[in-house]
Amino acid sequence: MRSVYLLLLRPAALLGLLAACALLGGLLAGALVWLAGWGWAAALGATLPLVLFYALLLPSAWELSRALPLARGRAWQGLARYAVAALLVGGLCTLLAWAWLEPAAPLAASLFALASGGYLLALLAADALQAWAGLRDAEHRAEQAQARAVEAELLMLRNQVNPHFLFNCLNSISALTSFDAAAARRMTLALAQYFRQTLALTQRDWITLDEELIHCRGYVEIEQVRFGERLRFDCELADGVGAALLPPMLLQPLVENAVKHGIAARSEGGTLSLRALRQGDWLHLQLANPLALAAAASPHELGTGTGLHNVRQRLLSLFAGRANLRLRSEAGQFVAEITLPWRSEP
Amino acid sequence: MSAPDAKRLTALLVDDEALARRLLREFLKAHPEIEIVGECADGEAALAAIEALAPDLLFLDIQMPGLSGLEVLGLSGREHGVIFTTAHEAHALRAFELHAVDYLLKPFSQARFDRALAQARKLLPLATPGLQQLVAAGNPQRILVRDRQQLHVLSPEQVLCVEAQDDYVCIHTPERSLLKTQTLAEFEAGLDPHRFVRVHRSWLINLDQLLQLERQGKDQLLAVLRGGRKVPVSRAGYERIRPLLK
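Line order of the protein sequences matches chains P and Z. Taking the working numbering as reference, the numbering of the first sequence is continuous, increasing by one, and the terminal residue is 591. Taking the working numbering as reference, the numbering of the second sequence is continuous, increasing by one, and the terminal residue is 1680.
To be clear, the hints were calculated from the coordinates, so they are not data collected in a lab. It is possible that part of the hints are untrue.
Which chain Z residues face chain P? A few, computed with CB under 10 Å, are given here [as the list claims (entries may be wrong)]:
{"#": "1", "residue": "Ala1454"}
{"#": "2", "residue": "Ala1475"}
{"#": "3", "residue": "Gln1497"}
{"#": "4", "residue": "Met1498"}
Where is the CB? At the ideal position from N, CA and C, for every residue including glycine.
All chains, please: the whole structure from these sequences, using the hints.
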């Protein structure tokens, strides 16, 4: 944070300060002339340097209230700190005036009261101003966090409505109409069901693993119409894991990615195998698919898809580092693994 | 609908999805003069079938297991009678820019299919000039070479250097050398220009494999590659490589 004294380097601020000093010094001198019967020259000669000195002390109230806000510790402690600071400033000003002008005691007392009181007021005002700014700042941060969450949700939705998936499905339906109208109708309904479910699930913050799996199966069944025997899905859940709660659409992008790279890229197709288990406070989800042959997949295709990227972004924004997605390939399999904190309905 | 006296044509259907091939068959029923001579479910089968059957028309999917549709064209060198079918608009836009061939964006109607077919037939005896250009820009991440019946897939990192030999290029890797029917200029066009530099009229080198430049005699400059292979560098080649070395 920059010191408020740096502001005095700006000509406009400096001129403003000097003008304020001149005004205040004039008023005080007027008071001396009027009440104590001083001459104007003597009065101005006394007040102006004092006021200038005070004006240079005053910005320290801003620094002090920033370093020691009233809200830190107990309220009376904060007030006591400010009061001591104000008395010190008042004392300093009075001492200076004493050494230089040797004023009468009542005048010194009013000077002391004026300087201390003014400084205390400045401290309180600065503190209030800073508390207000802090509040604004916190609001701004909350807004930003909110915006990031919304962005994550948009990513999820955009990923859900994968147009190429839809186009390929429509092409399959178009083919089926001419020789298997019943199958065409089934696929139309399955597709509608899938998209409706996507809409319903994405409106909730948490769904059960069972619900997510039903959705994934719906997706796989549609893809099976396209890929036929090439696509197999095998699912193994540990006891009780189906009740786990997780944000919607965490697994579906993994399944879609696995179909794209593990099935569509292989003439012989393969099996997607999903495992879910609980370990203490953590839920582990693992999806494996056969790797496309070396001839089929260029290395950069693995794990850089937007689907996986989105899942990673969402885990980050929803769990702030307490969940992750790891990708690896081993023994001819591509494995995606999500670990997230265990959570279930009470 | 085609005229009854239309010339008989053969067609090959290539798509990894059985339903998609079935749909093409369905749409072709309206064109009895076209005979379907084969169906393939992946790129390698398509490559073999194109050579064995030499079909007049080729309906080709882009995304397929093994080899993509574009790679099939690149390897077969086929330049005529191709109609792409794909669900991906990005490919289509690029093809239209190059006036390569017609594209059928899935899903498509019978009317759209008929239009593409009519267009392809009109152009039929001629090679479509943009096609190999489209193919060359396909996928810079891998290099495909067919050596007799075997298909080799190289990633560009593996390549040391490439040498022009008449109508061929000879691709040198630390382990082997492979011949590919392509000119050096065409081959170069499909590679990342920041990685591969033409250092000589008939030599292209992989910058990542370059160890040093060595002067031999008064005018002769050689590029020393990993593994000790030396490649001549011409004056123009030196001008090209110099800014990249800094």
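Comparing the hints with the structure gives:
1. Ala1454: Hint holds; Z:Ala1454 Cβ to chain P Cβ min 6 Å, cut 10 Å.
2. Ala1475: Since the shortest Cβ distance to chain P is 6 Å, the answer is holds.
3. Gln1497: Given a least distance of 7 Å, the restraint on Z:Gln1497 holds.
4. Met1498: Hint holds; Z:Met1498 Cβ to chain P Cβ min 8 Å, cut 10 Å.
Violated hints: none; the structure is consistent with every hint.
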